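Use the sequences and the hints to build the structure in full.
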Amino acid sequence: MTTPVKAVRGTRDLLPPETALWSRIEATAREVFARYNFGEIRTPIFEETALFSRGVGEETDIVSKEMYTWEDRARAQSEKTQSLTLRPENTAGVVRAYIEHKLGESGQLQKLFYIGPQFRRERPQKGRYRQFFQIGAEVIGPTHAGSESPLRDAEVLEMLASLLDALGIEGWTLKLNSVGSAADRPAYLARLREALAPVVSQMCADCQRRAETNPLRVLDCKVPEDQPIIEGLPRIADSLDAASREHFAAVCAALDAAGVEYTLDHRLVRGLDYYTRTTFEFTHGGLGAQNALLGGGRYDGLSEAIGGPKAPGIGFAIGQDRLVLTLQAQQQTAAERADACIAPVGEAQNAAALRLARELRRSGLRIELGDGSFRVRKSMELADKLAWQIVLLGEDELASDLLTVKDFSTGVQTKISRADLAAHLLAARKRTT
RNA sequence: GCGGCUAUAGUUCAGCGGCAGAACGCCUGACUGUGGCUCAGGAUGUCGUGGGUUCGAUCCCCACUAGCCGCCCCA
Numbered sequence: 083m084t085t086p087v088k089a090v091r092g093t094r095d096l097l098p099p100e101t102a103l104w105s106r107i108e109a110t111a112r113e114v115f116a117r118y119n120f121g122e123i124r125t126p127i128f129e130e131t132a133l134f135s136r137g138v139g140e141e142t143d144i145v146s147k148e149m150y151t152w153e154d155r156a157r158a159q160s161e162k163t164q165s166l167t168l169r170p171e172n173t174a175g176v177v178r179a180y181i182e183h184k185l186g187e188s189g190q191l192q193k194l195f196y197i198g199p200q201f202r203r204e205r206p207q208k209g210r211y212r213q214f215f216q217i218g219a220e221v222i223g224p225t226h227a228g229s230e231s232p233l234r235d236a237e238v239l240e241m242l243a244s245l246l247d248a249l250g251i252e253g254w255t256l257k258l259n260s261v262g263s264a265a266d267r268p269a270y271l272a273r274l275r276e277a278l279a280p281v282v283s284q285m286c287a288d289c290q291r292r293a294e295t296n297p298l299r300v301l302d303c304k305v306p307e308d309q310p311i312i313e314g315l316p317r318i319a320d321s322l323d324a325a326s327r328e329h330f331a332a333v334c335a336a337l338d339a340a341g342v343e344y345t346l347d348h349r350l351v352r353g354l355d356y357y358t359r360t361t362f363e364f365t366h367g368g369l370g371a372q373n374a375l376l377g378g379g380r381y382d383g384l385s386e387a388i389g390g391p392k393a394p395g396i397g398f399a400i401g402q403d404r405l406v407l408t409l410q411a412q413q414q415t416a417a418e419r420a421d422a423c424i425a426p427v428g429e430a431q432n433a434a435a436l437r438l439a440r441e442l443r444r445s446g447l448r449i450e451l452g453d454g455s456f457r458v459r460k461s462m463e464l465a466d467k468l469a470w471q472i473v474l475l476g477e478d479e480l481a482s483d484l485l486t487v488k489d490f491s492t493g494v495q496t497k498i499s500r501a502d503l504a505a506h507l508l509a510a511r512k513r514t515t
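The letter at position 215 of the first sequence is residue 297 when you use the working numbering, and the numbering goes up by one with no holes.
Certain hints may be false.
What the hints assert, rightly or not - The following label-pair restraints were derived from C-beta to C-beta distances:
id	residue 1	residue 2	range
1	248	453	36 to 42 Å
2	99	248	18 to 24 Å
3	325	304	30 to 36 Å
4	306	255	18 to 24 Å
What the hints assert, rightly or not - Taking lysine-lysine pairs in the DSSO-like style, the calculated list, with each CA pair at most 30 Å apart, reads:
id	residue 1	residue 2
5	162	147
6	184	162
7	488	460
8	392	488
9	512	488
Please keep in mind that the hints were generated in silico from the structure rather than gathered at the bench. From a predicted model like this one, the values you see are computed outputs, not experimental measurements. Beta carbons are placed, not taken as given, at the ideal position from N, Cα and C, and that holds for glycine.
Here it is in structure tokens:
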């Protein structure tokens, strides 16, 4: 026997009943996005590698070691090979599409959402997969369309709070920070390096490494002994120019007015180079080491970084896998039941049963169809597992047009005329769900 | 990429250097057109893969693979 092929590391199959939860999350997200007047965008699963190296940043972990990249072969002698990459995130692709289709020329703010798989070659863990699913949105446009307005930041954050509430996620925390403009960043980094130089030798090994490779990440360190040192380091907030500071204050004021709760976290640092000014993360305690439900921020210079016009924007990506984990921990998902199971009593009633099932399904009912080769006892057992009610279809029923209907939740068995059956089952559904 | 733990029935998990186990689930019957509760029976495994030690390995050792936990990073 040949060895069976298995799903590759870090990927998995999603099966019922879990997929019902995935669908519900997507449906809720679409509803909420619609209320904020966002439209859907679908970008390709793979892009030119340069999009990510220039957009996300050559030095980020994502680009430097986590991308699925390959050389796509040339089709003809005259053609060159092309370096392609499975998208590790979707913001760069959306901004690429924004530039390519000259969406900025409309003069309108573009409000786009996406739902789809992303790929990063990390070591898999709970809540961290190599193919994972993000639900995200971007607000982007020319400055005169209001894309830089702090009100946009606040609206996006308020929308996220509403979405998590609509999904039934309990106990989330919004962490908020401003990492400053493209101009603020180098100035702050210089100050940070200066402050780190005399103290870094007293910090943990990770911090000593981070001080070299990515000093911002030192702020993220969780080692208790390092905390007093980190508290003494310069804060990003103190290095912001007046415009950034004012912008961030306006975001906070709008959130206060809307009644969205948040905590300021001056150490919140994001791992993608394109983030500027407002950055945020929604976390949930139940997720363990991967506690970020979603993350995002402003990216005022991304369009220009990949060759487009000035197009400030703000966006986020939600880890759908992590929403599923959180919701599963809150309430266990039960298999969904059909409204009714049509059970032909003998094989002679099979054809009539299919016809009845067709009628009921056309009225919008969820119907399981049994088999006349089953004994009634077995049909009852089966139906009780799959459906809320059973409709027995035997010789008597067909002759009289009065069908035997039993409701498993009450145990009550009645005779219902065929004409009234659909209405009866629909009414029962309102009670049971 | 680094460190640790784990891998046995469909599922959750016991187990022991000498015939492979439980619970739940599944199938059959008691009950030939009535489920749930009960009772009686039954089926199910390359014990993750490959090597080694041993008379003998599911068990001990090594490697690999995968999952989980932590680091890193992020969604």
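Against the structure, the hints come out as follows:
1. 248 to 453: 36 to 42 Å: 41 Å, holds
2. 99 to 248: 18 to 24 Å: 21 Å, holds
3. 325 to 304: 30 to 36 Å: 32 Å, holds
4. 306 to 255: 18 to 24 Å: 21 Å, holds
5. 162 to 147: 24 Å, holds
6. 184 to 162: 27 Å, holds
7. 488 to 460: 15 Å, holds
8. 392 to 488: Outside the cut-off at roughly 66 Å; violated.
9. 512 to 488: The given pair, whose Cα atoms are some 16 Å apart, holds under the 30 Å limit.
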